[in-house]
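> So the chains spell out like this:
Protein chains: 2
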Amino acid sequence: MQIAVDAMGGDLAPKAAVLGAVLAAKEAQIPSVLVGKSEELNQELSQLEDFPRELITIQEAREVVEITDQPAVAVRKKRDSSIVVANSLVKKGEAAAVVSAGSTGAAMTASLFVLGRIRGIARPAIAIPLPTLNGVTVLLDAGANAENDPRDLLQFGIMGSIYAEAVLGLASPKIGLLSIGEEETKGNKLVLETHRLFKESNLEFIGNIEGNDLPMGRCEVAVCDGFTGNVILKFAEGMAAALFRMMKEAVTESAWTKMGALIIKPSLQRLKDRFDYSEYGGAPLLGVNGVSLISHGRSDAKAFKNAIIAAANGVKQDMIGKIRTAIEERNQEEDDV
Amino acid sequence: MQIAVDAMGGDLAPKAAVLGAVLAAKEAQIPSVLVGKSEELNQELSQLEDFPRELITIQEAREVVEITDQPAVAVRKKRDSSIVVANSLVKKGEAAAVVSAGSTGAAMTASLFVLGRIRGIARPAIAIPLPTLNGVTVLLDAGANAENDPRDLLQFGIMGSIYAEAVLGLASPKIGLLSIGEEETKGNKLVLETHRLFKESNLEFIGNIEGNDLPMGRCEVAVCDGFTGNVILKFAEGMAAALFRMMKEAVTESAWTKMGALIIKPSLQRLKDRFDYSEYGGAPLLGVNGVSLISHGRSDAKAFKNAIIAAANGVKQDMIGKIRTAIEERNQEEDDV
Numbered sequence: 001m002q003i004a005v006d007a008m009g010g011d012l013a014p015k016a017a018v019l020g021a022v023l024a025a026k027e028a029q030i031p032s033v034l035v036g037k038s039e040e041l042n043q044e045l046s047q048l049e050d051f052p053r054e055l056i057t058i059q060e061a062r063e064v065v066e067i068t069d070q071p072a073v074a075v076r077k078k079r080d081s082s083i084v085v086a087n088s089l090v091k092k093g094e095a096a097a098v099v100s101a102g103s104t105g106a107a108m109t110a111s112l113f114v115l116g117r118i119r120g121i122a123r124p125a126i127a128i129p130l131p132t133l134n135g136v137t138v139l140l141d142a143g144a145n146a147e148n149d150p151r152d153l154l155q156f157g158i159m160g161s162i163y164a165e166a167v168l169g170l171a172s173p174k175i176g177l178l179s180i181g182e183e184e185t186k187g188n189k190l191v192l193e194t195h196r197l198f199k200e201s202n203l204e205f206i207g208n209i210e211g212n213d214l215p216m217g218r219c220e221v222a223v224c225d226g227f228t229g230n231v232i233l234k235f236a237e238g239m240a241a242a243l244f245r246m247m248k249e250a251v252t253e254s255a256w257t258k259m260g261a262l263i264i265k266p267s268l269q270r271l272k273d274r275f276d277y278s279e280y281g282g283a284p285l286l287g288v289n290g291v292s293l294i295s296h297g298r299s300d301a302k303a304f305k306n307a308i309i310a311a312a313n314g315v316k317q318d319m320i321g322k323i324r325t326a327i328e329e330r331n332q333e334e335d336d337v
Numbered sequence: 001m002q003i004a005v006d007a008m009g010g011d012l013a014p015k016a017a018v019l020g021a022v023l024a025a026k027e028a029q030i031p032s033v034l035v036g037k038s039e040e041l042n043q044e045l046s047q048l049e050d051f052p053r054e055l056i057t058i059q060e061a062r063e064v065v066e067i068t069d070q071p072a073v074a075v076r077k078k079r080d081s082s083i084v085v086a087n088s089l090v091k092k093g094e095a096a097a098v099v100s101a102g103s104t105g106a107a108m109t110a111s112l113f114v115l116g117r118i119r120g121i122a123r124p125a126i127a128i129p130l131p132t133l134n135g136v137t138v139l140l141d142a143g144a145n146a147e148n149d150p151r152d153l154l155q156f157g158i159m160g161s162i163y164a165e166a167v168l169g170l171a172s173p174k175i176g177l178l179s180i181g182e183e184e185t186k187g188n189k190l191v192l193e194t195h196r197l198f199k200e201s202n203l204e205f206i207g208n209i210e211g212n213d214l215p216m217g218r219c220e221v222a223v224c225d226g227f228t229g230n231v232i233l234k235f236a237e238g239m240a241a242a243l244f245r246m247m248k249e250a251v252t253e254s255a256w257t258k259m260g261a262l263i264i265k266p267s268l269q270r271l272k273d274r275f276d277y278s279e280y281g282g283a284p285l286l287g288v289n290g291v292s293l294i295s296h297g298r299s300d301a302k303a304f305k306n307a308i309i310a311a312a313n314g315v316k317q318d319m320i321g322k323i324r325t326a327i328e329e330r331n332q333e334e335d336d337v
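Chains as they are written, first to last, in my numbering: chain A, 1 to 337; chain B, 1 to 337.
In isolation and in its complexed conformation, chain A is listed as follows (with noise of 0.2 Å):
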């Protein structure tokens, strides 16, 4: 079944999002449909050659929302939008999953506007794996949401854990809960009523967590609210960029430390590439009827071509039909009390 690209967004559209396509479909044999303009799309693919062409189809979308959009606005008012129609095709059951690069708003809106919620989900989240130091911690909600509540963040722990384990393949994953210090008795209002709930359900809860917790790996799935996750998420970003930087600064000194760093440069490259997101390609919306991953704007082919595979792989691994059930389960044993 065949990966809905919204091949009109991110800042290399759409020629990174054609290659990416192109590269899923070669290295894992994975069929997508470009959507967006097609002399546009045709042009891109006509110069590429020795690919599975039968892997690869064009959809017809004449419209592109923007940047500067406001997502709602352009969502509703831009119907033939690629983002909306490659979510369409996932509604009419013409794809498995979709994939957008495009702004995140925009992405999240077409998202919950054409799939819907999943019934039972207040608030969906948006995941980000971040990097540890021995593997991923999934990160959510890392900016989905404004404000929640603390039944939105105990259904981020249960369809986190879902993602963590079926997608990422984190075997039986702990939840944490990002707070201020490790005791119950720490956080905010909205931690200390979210920590009850966990510590009331039957999840692998670990209990709070703190900010420095994340870096160093102690759980594979850490919940928080959106505000505090994309400010994390975003932190994260600039400080990894800063720090590289720094370093490149620092080892450019003098011709004998330009010497030591030309050494250790493949060493540091792995490293680096450990902290760019387009190792892992994206990051699902979690809560919206059907498999969503949002990419980066700056994706390059890799960063397509790896959310491409994220994606089936969701599809693979049923990972929206396992979130349905853990939530009609977890709202039954609520009735239940």
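These aren't lab readings, by the way, just hints derived from the structure by calculation. Don't take every hint at face value.
Note that identical chains are pooled: a pair holds if it fits in a single copy or bridges any two copies.
Said to hold, decoys possible - No more than 30 Å apart at the CA atoms, straight line, and that leaves these computed lysine-lysine pairs for BS3-like: (1) Lys91 to Lys265; (2) Lys91 to Lys26; (3) Lys258 to Lys37; (4) Lys248 to Lys272; (5) Lys15 to Lys92; (6) Lys15 to Lys174.
Given chain A's structure and the hints, the job is docking chain B onto it.
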């Protein structure tokens, strides 16, 4: 005027505190009064030679607030603890400022309880200088509060600017409000309302900033609630530690890369030092009636020395007087409206 040093607070107490005070006396001619168990302190001092003895005095305090104590209970009950006595010296005018590396909760509670708040300040805040590409950004509140309202955040902006300018020497500091988008319509309820207050004020407000703007150093003062600030502070500490550890592992893969690493080690060490809490020594608790510096629990002698120097600088620059005047003026403006 002497600085009161809680000599029993911190993982390396009392040795690090004693040595730090001696270094501040030797290098900056700042007098300190070491507060704690006099026999232990005298023993530490007796092992040191060649320092200006007249600049170091000892004030007996028989009790110690332990890291496991509940701060509010300990400060009320242990009236003869080093942290309470150190703050009392400031209250009585026998010391000009207090430095403690004990538990943040105890240090904060003792200063609040003994020194009290500056008139008109609702909630004191911990201000942390975060390293950036081009210097430092003062982030506050970094954890004095779990919950804040818009007026608190406005006061944090006022106090943070005074600290940045008077103590850190950052000329005409600009204030940014930490949010999840630059537009004034982006953020949670707290940020939306705070944005309005800042915009109507005559402060040097540059608008919302995002997480990645912090390490990039877009402004001198970054304002947020204590929950968000504490999570970021600890995340930054954890991420720096994780990155430098990963880097070390990456460059010791082979004899060849080890040689490269050896060459650039001094350069990288200087960079690592920029992320070292001991460089700036301590974070002021702004809003209490006296200069109170809270140092990292792992403070070594250098960290104590730098905290003592920063505290003396806060006194010399009349930081408290400037905050008092600014808050009075602000409250006058509010009354006039």
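> Could you figure out if Lys91 and Lys26 sit no more than 30 Å apart (CA to CA) within one copy, between two copies, both or neither?
Within one copy only: 26 Å inside a chain, 74 Å across chains, cut-off 30 Å.
> Can you tell me if Lys15 and Lys174 fall within 30 Å by alpha carbon in one copy, between copies, both or neither?
neither (39 Å within a copy, 40 Å between copies)
> What label fits Lys248 with Lys272 when the C-alpha limit is 30 Å: within, between, both, or neither?
both (12 Å within a copy, 13 Å between copies)
> If the cut is 30 Å between Cα atoms, do Lys258 and Lys37 qualify within a copy, between copies, both or neither?
neither (47 Å within a copy, 52 Å between copies)
> 30 Å Cα cut-off: does Lys91 pair with Lys265 within a copy, between copies, both or neither?
neither (46 Å within a copy, 55 Å between copies)
> Pop the pair Lys15 and Lys92 into one bin, within, between, both or neither, using alpha-carbon distances up to 30 Å.
within (27 Å within a copy, 71 Å between copies)
The structure does not agree with the numbered hints 1, 3, 6 stated previously, though it agrees with the rest.
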